[in-house]
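Trainee: Chains as they are written, first to last, in our numbering: chain H, 1 to 340; chain B, 341 to 733.
In case anyone wonders, no lab produced these hints; they're calculated from the structure. A virtual CB, placed ideally from N, CA and C, is assigned to each residue, including glycine. Accuracy of the hints is not assured; some may be wrong.
Derived pair list, reagent style SDA-like, types lysine to any residue, alpha-carbon separation capped at 25 Å [to be verified]:
1. H:K184 / B:V541
2. H:K21 / H:G53
3. B:K389 / H:L327
Computed, partial: chain H to chain B, Cβ under 10 Å [what the hints assert, rightly or not]:
4. C135
5. V176
6. L180
7. T181
8. Q183
9. R209
10. Q274
11. R277
12. K315
13. E319
14. L321
15. K322
16. V326
17. L327
18. F339
The chain contents come next:
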Amino acid sequence: MSEPHASVARPVTLSNRKPRKQVAMDSLIDLMNAGQLLPGMVLVEGPIADRLGMSRMPIREALKALAENKKIHRFDGRGYLVGPPKKNLKPIRVDLRNMDWPNATVRNQPKPLPASNQIATEVQAAITAVIPFGCYRISEAEIGEMYTVSRTVVREMLYRLQHQGIVEKDRWSHWVAGPLTAQKCAEQYQIRGVLEAEALRSAAPYLDRSKLTDIQQRLVSAASLGTAIGAKNIRQLEEDLHVTCLHPLRNGSMQSLIRQNQLPLIVHHLFADQLPRVNHDPMITEHQAVISHLIAGQFDQACLALREHLQRATKRTIERLKVLSVLPLPSHPIYLTPFH
Amino acid sequence: MGKSKRILRVIGTPDTLIESVRLRAEQDLGFSIHFEPLDGLDVQQRAVKSPESYDVLDHWSVTAELAWTAGALQPIRTDRITDCSELLGVEAQTPFWTAITHGKGMAPGRKLFVQADGTLGALPTSRLSMMPTVHNMDGFGYRPDRIEVADGDESWGWLLDKKYRGQVTLTAHPSIAIIEMALAAQANELAEFDDIGNLTVDEIDHLIEVMIDYKRRGHFAGHWAATDEVVSLFEEKDITLSTIWAQGIWVLRAHGFEIKNAVPKEGYRGWLDGLALSGALEGASLDQAYRFLEWWQSGLPGSLMARRGLYMTRPDKVRAHLSEAEWAYWYAGQPAPDVLYDNDGNAIVNQGQTRSGGDYETRLGAVAVWNSIMNEHNYVTRKWNEFMVALNQ
Numbered sequence: 001m002s003e004p005h006a007s008v009a010r011p012v013t014l015s016n017r018k019p020r021k022q023v024a025m026d027s028l029i030d031l032m033n034a035g036q037l038l039p040g041m042v043l044v045e046g047p048i049a050d051r052l053g054m055s056r057m058p059i060r061e062a063l064k065a066l067a068e069n070k071k072i073h074r075f076d077g078r079g080y081l082v083g084p085p086k087k088n089l090k091p092i093r094v095d096l097r098n099m100d101w102p103n104a105t106v107r108n109q110p111k112p113l114p115a116s117n118q119i120a121t122e123v124q125a126a127i128t129a130v131i132p133f134g135c136y137r138i139s140e141a142e143i144g145e146m147y148t149v150s151r152t153v154v155r156e157m158l159y160r161l162q163h164q165g166i167v168e169k170d171r172w173s174h175w176v177a178g179p180l181t182a183q184k185c186a187e188q189y190q191i192r193g194v195l196e197a198e199a200l201r202s203a204a205p206y207l208d209r210s211k212l213t214d215i216q217q218r219l220v221s222a223a224s225l226g227t228a229i230g231a232k233n234i235r236q237l238e239e240d241l242h243v244t245c246l247h248p249l250r251n252g253s254m255q256s257l258i259r260q261n262q263l264p265l266i267v268h269h270l271f272a273d274q275l276p277r278v279n280h281d282p283m284i285t286e287h288q289a290v291i292s293h294l295i296a297g298q299f300d301q302a303c304l305a306l307r308e309h310l311q312r313a314t315k316r317t318i319e320r321l322k323v324l325s326v327l328p329l330p331s332h333p334i335y336l337t338p339f340h
Numbered sequence: 341m342g343k344s345k346r347i348l349r350v351i352g353t354p355d356t357l358i359e360s361v362r363l364r365a366e367q368d369l370g371f372s373i374h375f376e377p378l379d380g381l382d383v384q385q386r387a388v389k390s391p392e393s394y395d396v397l398d399h400w401s402v403t404a405e406l407a408w409t410a411g412a413l414q415p416i417r418t419d420r421i422t423d424c425s426e427l428l429g430v431e432a433q434t435p436f437w438t439a440i441t442h443g444k445g446m447a448p449g450r451k452l453f454v455q456a457d458g459t460l461g462a463l464p465t466s467r468l469s470m471m472p473t474v475h476n477m478d479g480f481g482y483r484p485d486r487i488e489v490a491d492g493d494e495s496w497g498w499l500l501d502k503k504y505r506g507q508v509t510l511t512a513h514p515s516i517a518i519i520e521m522a523l524a525a526q527a528n529e530l531a532e533f534d535d536i537g538n539l540t541v542d543e544i545d546h547l548i549e550v551m552i553d554y555k556r557r558g559h560f561a562g563h564w565a566a567t568d569e570v571v572s573l574f575e576e577k578d579i580t581l582s583t584i585w586a587q588g589i590w591v592l593r594a595h596g597f598e599i600k601n602a603v604p605k606e607g608y609r610g611w612l613d614g615l616a617l618s619g620a621l622e623g624a625s626l627d628q629a630y631r632f633l634e635w636w637q638s639g640l641p642g643s644l645m646a647r648r649g650l651y652m653t654r655p656d657k658v659r660a661h662l663s664e665a666e667w668a669y670w671y672a673g674q675p676a677p678d679v680l681y682d683n684d685g686n687a688i689v690n691q692g693q694t695r696s697g698g699d700y701e702t703r704l705g706a707v708a709v710w711n712s713i714m715n716e717h718n719y720v721t722r723k724w725n726e727f728m729v730a731l732n733q
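Sequences are here, hints too, so could you generate the full structure?
Mentor: Right under this line is the structure:
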């Protein structure tokens with residue numbers, strides 16, 4: 001699975017260095033847009049200054065400017081609340097230092113991302129896309145050559161993928177991946193059934209309503225498209241339910257475990273990419289059930305609906321995995337060699 | 341009768357896409373029909389990936405299952421098939437219906453009806469994934485001059501009996517071969533399976549390991565993908581026994597090989613073919629396709645199939661197109677009153693010969709496991725390649 005926020009990470013270079021107040025403002029807006037800072041969360045200067053490695057002055061100015069723009073507002077307590085003033089909005093106190101800040105906002109110092117991060121997403125996507133089609137050997141040397149990085153960097157990245165259960169070492173210590181089996185799909189869905197339902201229970205109270213209505217709208221649009229829905233929309237709907245809705249969860253370990261078990265989603269992505277006549281209505285209906293309950297504040301029912309969706313998705317995945325057996329082997333980067 | 345300009349495009353294998361069927365269908369239906377016979381795996385790929393390239397799919401039930409999941413088919417409306425309930429026999433619980441909903445593996449009747457949620461199941465509805473046609477119960481073929489055995493003592497285990505090293509051939513189709521090899525391994529106590537029609541990853545690993553071990557010791561003389569390739573193997577190599585599809589027995593006999601069709605004590609491997617409608621089909625072409633489907637149930641195609649050793653739904657209608665002698669041998673399990681010929685005029689049954697395994701109903705009832713797309717089908721096909729590329733020593 002790709003890191004959900006990898007797309008918002010962008011290295012800051014010396015040439016585009018901005019005033020500190022602006023960096024702080026952008027950072028906070030990024031966090032709001034990414035759904036990490038939710039309406040009602042309390043913002044105080046100290047932790048933000050620590051997290052951004054700045055003095056308090058530019059933070060104070062940034063908060064003041066954001067309040068003028070109605071992005072945040074003063075309240076009875078110390079600091080500001082995220083969002084415009086609203087009746088009955090209760091302050092939510094969280095330790096901003098412990099939040100999973102997007103990389104670009106972690107520090108104000110211009111520092112390029114580690115090379116392994118930059119290539120990891122690409123390599124991970126390439127491996128994930130082929131493992132339903134068999135066993136592949138992975139060449140450290142070829143990856144290094146392709147990306148012009150050292151073997152150490154490649155190895156570090158592959159060890160991370162090993163930790164995520166995507167690659168492993170065979171008895172001769174070669175890196176290998178695949179094949180994705182029905183058994184593995186069933187196991188991962190079972191784990192997700194437990195974890196995602198629990199994660200949604202914790203995250204649900206902090207979900208932004210407008211974000212949920214956006215998701216609902218996307219589901220309605222997707223349903224109207226029928227079989228013309230397309231792979232991009234399918235990916236977006238999966239991201240909406242299985243990443244965005246769980247995002248307010250402040251349990252990094254659980255989030256990481258969930259991501260490690262979302263490997264079988266590749267089966268549905270491949271289906272959407274290669275078999276345009278497939279009917280995705282059941283999946284859309286199941287997603288709609290979860291989102292409707294969330295919007296209505298029926299969190300227990302939403303969790304139940306999510307579990308039911310994952311149970312049905314298990315069966316769908318196993319049926320679809322069978323079909324992949326007759327599709328031709330996909331093209332793959334030079335560092336992957338199919339061996340069965 | 342003038343022919344319509346529309347050509348009905350049918351894909352399938354040479355086993356059912358035969359010229360005599362095509363010509364008779366064109367004559368009876370009044371429109372042109374194009375048969376495109378392909379290798380079984382190619383049919384599956386086309387069925388799943390390119391529904392625009394065919395109108396009717398004539399293939400294995402497991403192919404219809406895959407194509408259905410891929411969204412490549414449209415449901416067959418039972419109200420557009422005359423006497424559909426008699427054909428399936430659900431209400432009457434005919435031996436055919438009972439058989440295709442029982443046995444190990446994914447019995448084809450369990451994936452026949454389109455359910456309310458769009459998946460396939462056994463609960464009868466007004467929509468079918470495919471219309472069942474020919475079917476059979478396969479064992480394996482062997483040379484009776486080399487293996488002498490009392491009736492009722494034939495076993496799948498012979499396929500992995502070291503006595504026949506270098507004299508055994510197998511089909512190259514993984515979904516079929518894996519079941520036959522599982523039956524053979526179990527009979528020889530080389531492996532045990534919870535559900536022989538739905539193996540687990542560990543069971544598949546173990547079975548493939550056993551098979552590779554046999555292969556390295558030179559046990560298998562070759563692999564075949566279609567019936568004509570079995571004939572070539574028998575002609576070129578010294579074969580004692582081979583997994584075989586029912587029609588292959590009579591094709592081999594037509595080529596002069598004395599082959600016995602085994603009735604394995606562990607039970608048969610059953611299979612069912614059917615006709616399915618491309619999801620891209622509509623309008624007048626769809627009407628033509630429905631007429632073709634109905635024509636298949638008229639009895640005459642079933643008689644052409646019977647002379648190839650295959651059974652057909654609605655045997656009552658088939659009987660009207662067979663001679664008494666043919667019915668006695670092919671369906672009733674009685675000694676042939678006369679010499680019997682295939683559709684090309686080759687003598688394939690001697691007077692007095694009896695079809696092994698008894699009459700139609702007895703043979704249907706002896707199916708142990710049906711051709712299945714296992715849950716781990718994708719894994720089976722990858723592991724099967726490992727077996728196929730392993731070297732003989």
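Trainee: Look at each hint and say if it fits the structure.
Mentor: How the hints compare with the structure:
{"no.": "1", "hint": "H:K184 / B:V541", "in the structure": "holds (10 Å)"}
{"no.": "2", "hint": "H:K21 / H:G53", "in the structure": "holds (12 Å)"}
{"no.": "3", "hint": "B:K389 / H:L327", "in the structure": "holds (8 Å)"}
{"no.": "4", "hint": "C135", "in the structure": "holds (7 Å)"}
{"no.": "5", "hint": "V176", "in the structure": "violated (13 Å)"}
{"no.": "6", "hint": "L180", "in the structure": "holds (8 Å)"}
{"no.": "7", "hint": "T181", "in the structure": "holds (5 Å)"}
{"no.": "8", "hint": "Q183", "in the structure": "holds (5 Å)"}
{"no.": "9", "hint": "R209", "in the structure": "violated (31 Å)"}
{"no.": "10", "hint": "Q274", "in the structure": "holds (7 Å)"}
{"no.": "11", "hint": "R277", "in the structure": "holds (4 Å)"}
{"no.": "12", "hint": "K315", "in the structure": "holds (8 Å)"}
{"no.": "13", "hint": "E319", "in the structure": "holds (5 Å)"}
{"no.": "14", "hint": "L321", "in the structure": "holds (5 Å)"}
{"no.": "15", "hint": "K322", "in the structure": "holds (4 Å)"}
{"no.": "16", "hint": "V326", "in the structure": "holds (4 Å)"}
{"no.": "17", "hint": "L327", "in the structure": "holds (7 Å)"}
{"no.": "18", "hint": "F339", "in the structure": "holds (9 Å)"}
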